[in-house]
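If you read the sequences in order, they're chains A and B. Each residue of the first sequence is one higher than the one before, starting from 1 at the first, in the working numbering. Each residue of the second sequence is one higher than the one before, starting from 1001 at the first, in the working numbering.
It is worth saying that the hints were derived from the structure and are not from the lab. Note that this is a predicted model, so its numbers are computed, not measured. Here a beta-carbon is modelled for each residue, glycine too, at the ideal position from N, C-alpha and C. Hints should not be assumed to be uniformly reliable.
To be verified - DSBU-like mimics (lysine-lysine), calculated; alpha carbons at most 35 angstroms apart, straight line: (1) 216(A) x 1436(B); (2) 183(A) x 1454(B); (3) 265(A) x 342(A).
Said to hold, decoys possible - Sample of chain A residues with no beta-carbon within 10 angstroms of chain B, all distances over it, derived: (4) 105; (5) 209; (6) 260; (7) 348.
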Amino acid sequence: MSKNFFEIKNATFKVGGINKVNNVSFSIEKEGDIICLLGPSGIGKTTILRSIAGLEKIDSGSIMLNGKILSSNKINVEPEDRSISLSFQENSLFPHYTVEKNILLGKERKNSGKKKKLNINKIIKLLNINKILNHYPHQISAGEAQRASLARSLISQPDLLLLDEPLSNVDQSFKEEIQVQLKKLLKDLKITTIIVTHDSYEAFYLGNKCGIILNKQLKQFDDPYNVYHFPNSVEVVNFLNRGILIPAKVTGGDSLENDDLGIIKGKFIKHYPSGSNVKLLLQPEDLEHDDDSNLKLEVVDRKFRGTNFIYTLKTPSNQLIPVAVHTHHWEQHEVNEKFGIKRPIYIEHIVCF
Amino acid sequence: MLKRFNIWYFSSFAISIIVIIPIITVFSSFFEDTSQYYELLKNTFFIEYIVNSVILLIGVLFLTFILGVGSAYIVSFYQFPGANFFKWALILSFAVPPYIYAYSLFAFFENYGTAFTILKYLFGDGEYNKHIPKFSGMFGLILSISFSLFAYVYILTRSSFLYQSQNLIELGKNLGFSKFKSFYSIILPAARPAIVAGLSLVAMETLAEFGAVDFFSVNTLTTGIYNAWITFDDLAFANRISFFLLLFIFILFLTENFSRKKAKFHAETKGGFKKKEKIKLTGSKSFLAFIFCFTLFFFSFLFPLSQMLYWTIKFPENLNGLQIIDLLLNTLYLVSLSSLVLLIFSLISNYGNRISNKKFLNILSFLSISGYAIPGVILAIAFITFVSWFDESVIKALGFLSIKKIFIGSVLGLVLVYFIRFYSLAFNGIKSGYEKMNIAVDESAYLLGYSKSKTFLNIHIPYLRNSLLFVIILISLEIIRELPITLILRPFNFETFATTAYISASEDLLEAAAVPSLCLIIIASFFILFTSKYILKDTNE
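Next comes chain B alone, as it looks inside the complex (with noise of 0.2 angstroms):
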């Protein structure tokens, strides 16, 4: 049997080993000499660094857990006007990466800002500087990271919600809970798992991090490693700064793998799911209700895209000059192929595991989907390293021309690094339909005569193809939204909505960076609506 699968076995293996390349790479900068920059580094900032990752952290995991595990909630188990629109609505805060976000939160509260005109327009000319809060440094970072990532906290948090039975809310009124102690008693432990996987992504996003942290110029480990690189030219340094920081994602990583795995405890039996009836809230825990969400959804979506509208529309200069269409073209060309090379390999990686079934090939598939774990930055630079490395160690030294180019500064090597960083996101998401199918289902294909390749393809194919979509849609935003391996590894005069923003922002130019963020948020919202209703599936609304 096992010659049959060989095949199946040996696509799997190579695809697994191609992305754990970076990883290698990575820990191998352990054996190499770094510049003196490292040593300046090891006694002034580093531990700045290491603190400012730490705080950041601990404020937006605070943070998008109060805010996605309360939106959730509400939505989950109440009924009042607007709940429904807010159901998805709340979600529309992915389309606006923490970037964008720092931007417009930046301009409506600086001196003369959005801020500043508005209550002129309203009140006169006034001192009104003095009285408006300033968002920038960590406090900016922190709130522009929770509004676009807590949407992670509450898609997961809300799916855990409506599988929780009513047989066990009523099991809390018959122990005569209170509906506070049945809430973190009963409803929240049962919904831990998701909680905490939802909590690891946003805390492999934010140390992941690299826009609005270079904006609001807060040193972390993801600038230390950018500075590492494009200031002190030392690749290695790069790398050993990126080991402390995946070793940090690792830790992480494993509390959500382990989370996940105890979700299953969770999941409830079709015999033993009861439909859950929403409470009707009335007056004013009806209004309350309401005005929370709608701030969220206001703060999370509306305040910045508004505030790129209100740029665009007061300074359409901008608009002049800028080659949307180009940019939008290369945008999607991007987004086509990544998503079409994603989606084959991954489609074959897991299909492989599925029908080989071995321990080793299992292991290598979990290290391999650690690319999502590993910020942007730090892929582009292992990459780097690693075309470096191979072009002078391996093919100059066998007499071939470089290879170099072929790679850095091309559509190819972009390509081949969205996919190592976003093949997690496309197995899991593959995995995750091929979970929901019992293996009796490929047995009995077997058993009607299918072949292993006609069973892939008749069976599994059809079936998987709302994962298959969903999977699209996913990369496709994160790839519209995606700044640093673009930034590092694009080729010459190949500009994304999300470099160009970053250009103009980086040079002061905020108002410039407004047309293709708008693009950017636009696309993406489309995006998003376009899926919502696979990422908010639930069979039992």
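Only chain A is shown next, with the shape it has when bound in the complex (with noise of 0.2 angstroms):
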């Protein structure tokens, strides 16, 4: 039997007959552990949620928690027979009751029973939700319906929970607050949680691991920090925007060659024989500013992201590269400048495919 808390074995989730995505298998080694979902809209990541809480079934493959199977081709245990609890991106709340009372329904969640004496005030001011206790749902923003879902959510105490999107309405303000406040609390109170989200910062600051769902496929599960650094396909590169992939050779076991940028060195993380041709996985933050090198190419435009600028560069076989560079550098550039590169370019970790 598996040790795993959680475990998720070949299952294929389906919705309204149509396959969302085929053939997951990932598993949450200890309780208390937060993973994160991510991926485009409409690819199916809610469909693995409502899956694991047990209103939509699964026809292949298992799902287990705490050892028991909740849902596999034979079983499926209904969704109020689940310790699972999950938090609904759109407003939830039961609209005949107010807040409060939506919240005080978490309680009477049966659950494992091995839970810590929950302090739901200290909830209500994390969500910061107790301006709204005594309002119906109707009367609330969607953000604050959407804190008032987690409150109950987190209020039920359950053996995992489940999380859409949970802060998809929250104010940019007061989102990195919460994601503190919230990542603190699940630690404290052990909660082992499923957090399906788009904004990649979040998962990555959230998650345990991050799984990267792609083309009805999981295609990473991982460590964010593997998942930023080292993504396993092209498909995950796209969709995490981490850069371009330009033709190289590799010429040996610690460098490879383009024909606009010459020699690169760094470390691969993966083999490949000397003389391969590969696609290189160029980064923002990859190349150097330095005007004093003969590598020199024609900026093509500027976007001001804060803290930095990212330069897109056109080399003489018309890629198009970008290039981060820190707001207050000394020198900026504006289109149709040269641009000067730092050589030798030295990448820390090479990824290629």
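Bring the two chains, given one by one in their own frames, into a single complex with the hints.
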């Protein structure tokens, strides 16, 4: 029997008879871990959560919690009999009850009984919903409804908490604070959580592990650091918008060559035989600005991104490559000017496909 | 999961089947022999029945459109003296069934009728009868039905106008439209689904109307059915005419249904809605708006009420011998029993549909709610046909005692047919409550550990409280006014206000019909006033 706290094995998730995500397998080893599932809209992330909660059935594979099979092609434990809580993206509060009553209903949830004593006021304060406790759901904003729904789920202290885009309607100014507090609370209460989001930075901050769902598949399931720095497929690169892929030829154990940029050195994360033609992932922070360099490229665009400018440079072979430069960098360039790139080029992690 | 749903699924299935039986009975009439009445009628009056039904329908639809949309527009978009009063006063016309309106209309304008008496009182003796218009036959019928039913169009159109955002009206202004152009090119098309829905209800009620049609002796398909059964004792032929009427109604019903589906596209989102400011009318415009609404209120409600009140006071002897308390108790008995049965079964059926979400059950429910489109006469006759067939072919064949008496001429039979007739009202009333409840609410309840039954009892019932109350009132109102089913299926010596009024009127004792008619109007008005806040429910006022 599996020793994992939660496990999905070869499950195919369907909605209305249509396959949304095929052959998914991942596990949560320790109770209290947080998993984030990332992917574009409509890809099936919510379907996965609904299936885990028991609101959709699965035809193949299995879903297990605490060593007990919840879903398979033969077994389907009813949602009310799983100690799983799902906080929906849209407003799912009971419209005829006040926010307070809605939240307190969470206390009625039966769970495994080994739960910590919970300070409800603390949750209410954390989510900043103390002013709307006496309001009805139709009297509050979408963001407030989402936070109230989140509070209800937290108070129920389930064995597994599922959050569907929990902060998508929350104001940006308030979002970061909630992320910090939410993570702390989930860790304190040791609530194992699966969060679905399309915000990669939210996923990287909250998750112990991140899963990337693309083209009906779980493409990568790994630590946030690895997902960010070592994307395992071109699709993941494109989804995370991590940079561009340029053609290169492997010239040795720690180097490769591109026609426009010349020799590039660094550590390969995967071995390629010398002479192989590869596609090198070039990320904005991989290249450094140096106007004394003899490698100069034309600026075709400059985007202001707060702390950075992202320059788009055109190479002689018409490749467009991004380069990040700190906003306070001493020398700025305008469009059509020449932009120097420091040589030799050294990339810490060389990712190729 | 299906195993857990079975009890709800099968309850819902069984309820739908019971309600569909009359339709099947009517359709099966095509395989039965009919008497010579069929041949006789086919060659003589059948075309007249159809032509009269069509003329009646067109006349009523035209008039209810003008009255319903006109009043809804004025009340929703303009502020003038009495606007808030007319908002709910105009729905009081529901309290006056077409047959009572017909009695009033006829009696007021007949030779030496109330109009004559008033003129004589005011101006002394004279040849007034020559100058007083006569409202009988088709014209009187169209007026009676229109004034009684225009409120369907008024309520639905008004609610649609209220939900039209100010943005829509401002859009018209931006495009430089005149008020008239804004009305017919923006406001009216946006309310089209509601208007069509209202007119469809009027059409169904018109084709099903029995009392007023019978009183004015206009031969329509409905009276043809009644005659085939009463005069020629030919149930099969009655059912055969019913088939044509049903077909006609079914087309209307489908139109109404598709129209309602489209209506969803006109619903405003919370974010996009901007409260509409009413335009304040002054001077002659304000006076005209007031006069239009007051005239409508007067003719649809005050006029029949006054006529019945006048007769009751003028002929107090009619109060003697009339067991008002008995009539009231009988009416309330039928109302409470039927409401309870309808409410319980409609709730179960709706919940079964919601949680099982099976296409087959949805289609079955769609068919089962068509009961409202079937005229009461047809339902009652189809019910008798079915019970007779079942009694002969199954019960007696198995050697049991006849069950006819249990179902025909009994309160049980009456309630059962009311159930079939008004099931759609109860079902749809509850359904519209359910439609406002996101399915995520159910799912949240399950995820909080609630079972299906606990979700139903602890979450749904409290949520649907207002819808349930509204449904009870609506059903009560219908049953108080209902005539043909009660007339055909009631137990011996069991009368309601409606049947007493009808019997007196059909014996040419219109004055005697006044007291039960007045009681009926008063009770129905009470129900309407009680429920007006639900009928006129609007969030932006």
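Each hint tested on the structure:
no. : hint             : result
1   : 216(A) x 1436(B) : holds (33 angstroms)
2   : 183(A) x 1454(B) : holds (33 angstroms)
3   : 265(A) x 342(A)  : holds (13 angstroms)
4   : 105              : violated (6 angstroms)
5   : 209              : holds (24 angstroms)
6   : 260              : holds (49 angstroms)
7   : 348              : holds (45 angstroms)
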